[in-house]
Amino acid sequence: MKALVAKDDEKSVKDFTRLFILHLFATFLFCMSNYACPFGLVDVVDDLDSIGEYAWAQAVHLDVVKAIKRSSQNIVKAGGSDATDEKGYLSGCAKALTVWLYEHVEIGQPGVGWPRIYK
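Under the numbering used here, the sequence shown has 83 at position 83, and the numbering climbs by one with no breaks.
For the record, the hints were derived by calculation from the structure and aren't laboratory data. Hints are not guaranteed to be accurate.
[Claimed, not checked] Pairwise CB distance ranges, derived in the manner of DEER restraints:
id : residue 1 : residue 2 : range
1  : V105      : D8        : 38 to 48 Å
2  : K7        : G52       : 32 to 42 Å
3  : L62       : Y35       : 34 to 44 Å
4  : S72       : E10       : 19 to 29 Å
5  : E10       : W100      : 37 to 47 Å
6  : A57       : L19       : 16 to 26 Å
7  : Y89       : I51       : 25 to 35 Å
8  : Y102      : I75       : 23 to 33 Å
9  : A96       : F39       : 38 to 48 Å
Don't be surprised by glycine CBs; every beta carbon is placed ideally from N, CA and C.
Let the hints inform the model, and build the full structure from the sequences given.
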């Protein structure tokens, strides 16, 4: 990436943009334990002109919901008689859960929560 930053031709700028988006996918939006980018998203960055047409919030939401279900199933399996070696870690955008928690759960003193309209 450092080599691409020094260049200013259109191809290098697009390549840097693709790499940065993949980095964002792998480390923030669609995190996995090995910091790999989900394979299906690699093809998405090939067409930078249409990348804004995707429903990214919905994709992140679905990924987090699937991760929660998968983790809870692994925890239940580990607690039962058919224990597995799988851990109950959470992949996906954990920051999205923090935002959801902040908006839906009163944190701190009771009655001091902010209405969602003001956020």
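Please list, smallest to largest, the hint numbers that this structure does not respect. 2, 3, 4, 9
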